[in-house]
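Make the complex out of the two chains shown on their own, each in a separate frame, by following the hints.
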Amino acid sequence: MYTFSSKLKTFSIVLMVLGAVGIGIGFLNAPKDIAEVEKILAADSHGHGDAHDEHATAGHGEANHEAHAAEGDAHKEVETTHSVSDSVKANDTVAHHEATHDSTEVAAVVAEDHHVAEHKTTEHVDAHAEHEKHLHHVLHQLQNKPWAALYVACLFIMLISLGALAFYAIQQVAQAGWSPVLFRVMQGISAYLPWGSVIFFIILVLTGLHFNHLFVWMNEGVDVVGHENYDKLIAGKTGYLNVPFWLIRAAIFLIGWNLYRYYSRKNCLAQDEANDNTFYKKNFKMSAAFLVFFIVTESIMSWDWIMSVDPHWFSTLFGWYVFASFFVSGITTIALVTLYLKSKGYLEFVNTSHIHDLAKFMFGISVFWTYLWFSQFMLIWYSNIPEEVTYFITRIEDYNLPFFGMVVMNFVFPILILINTDFKRLTWIIIMAGTVILLGHYVDFYNMIMPATVGDQWFIGIPEIGSLLFFVGLFIFVVFSALTKSPLLAKRNPFIEESKHFHY
Amino acid sequence: MSSNKVIYAIYNDDDVLMDAVKKTRAAHHHIEEVFTPFPVHGLDKAMGIAPTRLAICAFIYGLCGLSFATWMMNNIMISDWPQDIGGKPSFSYIENMPAFVPVMFEMTVFFAAHLMVITFYMRSRLWPFKQAENPDVRTTDDHFLMEVAVNNNEEELVSFFQNTGAVEVKVIEKH
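Top line first, the protein sequences correspond to chains F and U.
Just so we're aligned, residue 80 is where the first sequence starts under the working numbering, counting upward by one.
Just so we're aligned, residue 651 is where the second sequence starts under the working numbering, counting upward by one.
This is chain U alone, in the form it adopts within the complex (with noise of 0.2 angstroms):
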């Protein structure tokens, strides 16, 4: 391990770098990181990215709003105060339902959907004051990089990279 020596190589094509990305992993080279322009289709699987969990968090959140609102419409309808509203049954839960499940039903929603988000938030570490961590600027508009660690094989890596089509191979040291 000599130092912290990445690889920079940057595509101006996502078909080129999908066959970079697998062309690189043929050939054992860790990625480090791969940034896009936007969403490119498959690059995950090609990466060999493991799939997200998220969806099942969301559905636990979403169990967490259901009990929730079901909880606190039974505390306030049926235990705390009972009252006759209009004639609506308050003698149990399950006798005035219907009036609480569009409470039940958003809470649940709501519950999912932001909790998910907040967890996507943290997961992927995004806040509104965080440091942008764009290696090139250029990856925002119309070039994809590929960042892959130097260990020993700097010459090596660079002829691999400029083979599989980069249109600029660079080794930074990272700080």
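If we strip away everything but chain F, and leave its shape as in the complex, we get (with noise of 0.2 angstroms):
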């Protein structure tokens, strides 16, 4: 049996409250109002900012921009006769509409009557509105960071349990006989699942309710005809992008998940008392069926969690390239977690063996992962189709160095550490080239999710690093608590011996 050595757990705990009090300071820090904002604007400003300062100061000057400002009226900025209305859509270059209401109209603005106001082309746009919207726009990536930064790193955690337990799952379907005397750590692993699914689905439901803008399908009136949310890409998906449809899908997936880690350890631990290899079969059989629930869900997961905070744009093996990236990292956490307890003197009957066997693991789906990447970002690239290549314009132009320093970290690092067998029986080369690998598809996650919903405001500062420490403290802490719940060893799982003696 294990015993969580009480220096971890502190340290886990330590991380939880350094990354809580993390987590607050990035909600506290995120602008309430577009007077905030302009402030944090011009202090950061440098190089081109000086345009903004002007635009700034000049935008100080009106009273009523003020005083509307402090309503928290982030929508629309109302003027004597007529509002200026901004789209808040993140994406887009809509052009820029001038709605004619009069006042009263202005107060019943959400009311779907006065819709068809009319819309003039906006030859005398000024610059004050130029700014007005740009002002709205950055106040939406400002507030949305603490959220994007907390929504990555509990995606991500959560989506490492989970690839740990699809590997988990292919390795019994495999029979694999190097494996069993691992599977109780990759149970430990995927303990973490029904934590991570009810702190996500929580975020997810908060989502739902407009606490935060990271879903631009999410916005009010983005299907109605008239309003000025109105997208007619968004509109024509809203059959399958609408948010109880969406959560319902989330439950369905989360549950489905952990009912298999569930049963399937349930099972495992059965095995072990056993007579005979019933619980073994039982966990074969409903492997399987996992597997083929695991790729359906794991797809469709995908295109709800990551792809739809670009709902403009779609990519078909965007389901294959997020699995490829937690499956690697769950199968290096594995041979993480493996090497710490073989160092504290848990695992008998792990020699270098077996992680070996990891580590070809770890290198062989870094280059599926890559070669995921380089697919998806090739064939966009080379056709240039406007529609599809934004995508990459603003990550290549926005986020050089985190989009090309993960191909670094996620391909270039493991598969020049990684190609040489003797390194791969070295645990400081595995847990380096691990470290490295996780933090690569950290960046991975964020690329995916951050250009959407903060843009170019992104920064790798206390918001994102907290709730990277928060949830990686949560998930130390909910590991090393399940392994000590049941021994290491699986005992009459009919591949142990073979296990046990394996050698490479």
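To be clear, the hints were calculated from the coordinates, so they are not data collected in a lab.
Hints may contain errors.
[As the list claims (entries may be wrong)] 30 angstroms max Cα-Cα, derived BS3-like pairs, lysine-lysine:
1. 824/U - 780/U
2. 695/U - 579/F
3. 824/U - 439/F
4. 345/F - 579/F
5. 695/U - 672/U
6. 824/U - 421/F
7. 579/F - 824/U
8. 421/F - 570/F
9. 579/F - 820/U
10. 780/U - 673/U
11. 570/F - 361/F
12. 820/U - 655/U
13. 824/U - 655/U
[Said to hold, decoys possible] Computed Cβ-Cβ distance ranges for the label pairs, DEER-style:
14. 770/U - 462/F: 39 to 45 angstroms
15. 354/F - 706/U: 47 to 53 angstroms
16. 107/F - 722/U: 54 to 60 angstroms
17. 287/F - 744/U: 39 to 45 angstroms
18. 375/F - 815/U: 53 to 59 angstroms
19. 682/U - 483/F: 54 to 60 angstroms
20. 770/U - 326/F: 57 to 63 angstroms
Predicted model only: the values in this text are computed from it and were never measured.
Each residue gets a CB set at the ideal place from its N, CA and C atoms; glycine is no exception.
Quick look at the structure:
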């Protein structure tokens, strides 16, 4: 039996506390209104910022603008006879419309009656309106920042445990002879799944209740013709992209994965005490069924939780790409936890051959990830169709270092380090390569979510690191607590003897 | 050194062979060669053969292939005649690199694979009209043969190999 070392427990709690503080700071520092955004922009302005500054001072001059900003009404700026409607959509160049309302109508702007207001083309959109629009845009991006940081970290750490679970299911179904000594480690890592699922689902519900603007398609009125937020492309997708259906899907996926995790572990423990292989066979069948369920739900999950932050963009191999990303992270985590437990003397039968096998998987799936990343990138780059290529243009222009840096971390580094057979048996090499791979895939998820939610306002600062620390702390706490609950060696697995003597 | 006499110890089981190899090594008799009909797992280790460096060769060949592909595509597409083909940016190599990656990848694999195979053939001296070297035709079917040099200790060696479970021990004058 494993005992959770008090040092590691304290360490995980420290991480959680620091992380929670970081998350809190992130939310406190998020600007509440446009006035704060202007201050932030003025403070941040470097190089091209001069133009902003001039606009900012011009904007401040207008008393009514200040007043309205203070109202917290981020969506419309009302002047005496007409309001300049701003599109909140983060990703499109929408023509600027100047809607003519009288002041009573402005109050009822949400009501559908007055939608067909005159939309004149904007010959006289003044610099102020332009600047105003920019400020709203930045305000939403900055308000999204702590949420997006939380979302990325929560999703990534949860998917790591899901990746480990998928790997575990594959090992069961493939009747692998080498891995049964690692089954309890994999079960320990997947024990984070229920915790991660609950937190993640809560974040999804909060998002659905408009606590944040992570998903543009959730904006009010995106599918209402004539509404200021109306978006024809998104409106065409609301049959799929609507909050209730989206939450129901999420619930089905999370419950399905957790049910497999729960019963698989239960059967595995029952197999220890059994006299025959009934539970093993049950697990075999259940794992096969889970893998079918998993690959379907994983694909849909990637559209729902990741691809739909960019609802104008779509890619067919996206599900596989996301899968490769968290699958390799899951395997890497299995290797790291195994090495930790081995170093503490808890895994008697794990030898360098087991580590070697895990390292080969880390290597192979890293290359597989790169293959999918490049296939997706190259196909879109090559054909250069405007509606698809914007996805990569924003990433290359605004996220140049993270976007190409992650290719180095997730491909170049592992392929050069882990290609050597002898290196794949060395603890410190695996730890180093594993750390780089995990960080690289965090950046990968960061690159998937951030450009659509915070745009060029990204920075890996306190909210991002805080969120990551919090979930890593929780992960360590939950995983190592779960490891104490059952012996680290499955007793009656039909392949356990082979696995104990596995030698490559 | 009497002559070029060798002992052929013939076995019909790979486990017996492995034991015999270990005993022979322990007795410090020099094993010239072992002939088997199929790869016997762990035989190279038991014989103390140094690990192969073929993988290192392949890695270097792969790098050669990658360099060759890069040089070739850069020379053809960027330096020599940088045409505008369908709007692809041929101003510098890096700008058009994604389009070259399939070529770079395939050439890396091509060079690594083929040059490694040729290296293997050369190092193990295999070619189409090569004279076969098996000392006993049964070694390609179901027998295992260990060849050990005789140094004035013929009697001792023969009895030693008979004790290792050999089904047949022959002393052969080699030319």
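Hint check results:
no. : hint                              : result
1   : 824/U - 780/U                     : holds, 19 angstroms
2   : 695/U - 579/F                     : holds, 22 angstroms
3   : 824/U - 439/F                     : violated, 46 angstroms
4   : 345/F - 579/F                     : holds, 22 angstroms
5   : 695/U - 672/U                     : holds, 10 angstroms
6   : 824/U - 421/F                     : violated, 54 angstroms
7   : 579/F - 824/U                     : violated, 47 angstroms
8   : 421/F - 570/F                     : holds, 18 angstroms
9   : 579/F - 820/U                     : violated, 42 angstroms
10  : 780/U - 673/U                     : violated, 33 angstroms
11  : 570/F - 361/F                     : holds, 16 angstroms
12  : 820/U - 655/U                     : holds, 10 angstroms
13  : 824/U - 655/U                     : holds, 6 angstroms
14  : 770/U - 462/F: 39 to 45 angstroms : holds, 42 angstroms
15  : 354/F - 706/U: 47 to 53 angstroms : holds, 52 angstroms
16  : 107/F - 722/U: 54 to 60 angstroms : holds, 57 angstroms
17  : 287/F - 744/U: 39 to 45 angstroms : holds, 43 angstroms
18  : 375/F - 815/U: 53 to 59 angstroms : holds, 57 angstroms
19  : 682/U - 483/F: 54 to 60 angstroms : holds, 56 angstroms
20  : 770/U - 326/F: 57 to 63 angstroms : holds, 59 angstroms
In this structure, the earlier hints numbered 3, 6, 7, 9, 10 are contradicted, and the remaining ones agree with it.
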